[in-house]
Amino acid sequence: MFIVGVMLVLIVSAPLLAQTALPLPLKGARTVVLNNAVGQNLCQFISSAPLEEFEGTADGIEGSFVLDPQNLEATHGRIRVAVASMRTGIVRRDEHLRSPEWLDAERYPHIEFDLQELRQVRITERSAGRVVLQAVAVGDFFLHGVRKRMELPITLTYVLESEQTRQRAPGDLVQVQSEFTISLRDFNIRGRQGVIGSRVGESIRVKASFYGAATVSNKP
Amino acid sequence: MRGWKLLQWAAAFIAVTVLLVWALQGMHIFTKQYRKVVHREGDPVFGTVRERVEWQPDFRLGLDIAGPVALVAGAAAVLGWWRARRMLARRMSHNHG
Numbered sequence: 346m347f348i349v350g351v352m353l354v355l356i357v358s359a360p361l362l363a364q365t366a367l368p369l370p371l372k373g374a375r376t377v378v379l380n381n382a383v384g385q386n387l388c389q390f391i392s393s394a395p396l397e398e399f400e401g402t403a404d405g406i407e408g409s410f411v412l413d414p415q416n417l418e419a420t421h422g423r424i425r426v427a428v429a430s431m432r433t434g435i436v437r438r439d440e441h442l443r444s445p446e447w448l449d450a451e452r453y454p455h456i457e458f459d460l461q462e463l464r465q466v467r468i469t470e471r472s473a474g475r476v477v478l479q480a481v482a483v484g485d486f487f488l489h490g491v492r493k494r495m496e497l498p499i500t501l502t503y504v505l506e507s508e509q510t511r512q513r514a515p516g517d518l519v520q521v522q523s524e525f526t527i528s529l530r531d532f533n534i535r536g537r538q539g540v541i542g543s544r545v546g547e548s549i550r551v552k553a554s555f556y557g558a559a560t561v562s563n564k565p
Numbered sequence: 006m007r008g009w010k011l012l013q014w015a016a017a018f019i020a021v022t023v024l025l026v027w028a029l030q031g032m033h034i035f036t037k038q039y040r041k042v043v044h045r046e047g048d049p050v051f052g053t054v055r056e057r058v059e060w061q062p063d064f065r066l067g068l069d070i071a072g073p074v075a076l077v078a079g080a081a082a083v084l085g086w087w088r089a090r091r092m093l094a095r096r097m098s099h100n101h102g
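If you're matching them up, the sequences are chains A and B in order. Position one of the first sequence corresponds to residue 346 (this note's numbering), numbered consecutively onward. Position one of the second sequence corresponds to residue 6 (this note's numbering), numbered consecutively onward.
One thing to keep in mind: the hints can contain errors.
Footprint (simulated), chain A over chain B, 3 or more residues, beta carbon under 8 Å [what the hints assert, rightly or not]:
#1 28 to 38
#2 84 to 97
Residues of chain A clear of chain B, computed beta-carbon distances all greater than 12 Å [unchecked claim]:
#3 Ala363
#4 Lys372
#5 Gly384
#6 Ser393
#7 Thr500
#8 Val504
#9 Ile534
#10 Ser562
Derived by calculation from the structure, the hints in this document are not laboratory data. All C-beta atoms in this analysis are idealised placements derived from N, C-alpha and C, irrespective of residue type, glycine included.
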């Protein structure tokens, strides 16, 4: 009975104890700081509604995360997007977007993702000095004063420092890409009456690309 | 009467032109000032396609401007037509009288 119990505990806790290592010769955690010299940090968003479809971008992005090459699941950090940097090509619509009826940029100037862990980490590609992995980033998404737990699929590419990478920035380079959907209702964004669902989509498709340079971390 | 006739045709021309430009430029609700341009290129470092997005100035007339302009011009055209017709009728009745 005791042995069966121990086995059950081991089976249940096995996924929790699983640690995925980055198959690269790295020691110690790395702090990845987003850097536009590595690549354009950008969020693109698409709204599809019966009466109108529009696209926009936000490039006021900053943030960092700590990545432990021996335990990728423990990756954590924060990424912030400035609402004021959101553009749709129409100045008046941008003003509406920032107004209290929509994202209320004055009260909530940033959209944040507080990354707490990675799950389902899968190394999908490895070559000399470069590793690509897919995972689910778990954390709190903060938008319009509402904090919501979200799981976002990501593809992370880690490239060891080389002569080629140094032309962009010193240190190892990292790219993170993600595509996900945000429901406006979940974040209490109501807009002007009758607009959501007719001219603005109830859900907004987001495509994010983040680029950063990694340095040996002092943080745990 | 000539003045009202001129107003009628000029205002009608403006209303039609504005609506035509709006229709040809994509029938946007709001006037667009910028166009999103995406530059895609292979990224040898990450082995992916790198996208660089920029907004370039590109004016597209929207209904927010075209609507009121067409409405005012349309109203002026109707006013011109009505006044010209009234003056013609008055002149004709004066001639008959």
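Hints not upheld, ascending by number: 2, 5, 7, 8
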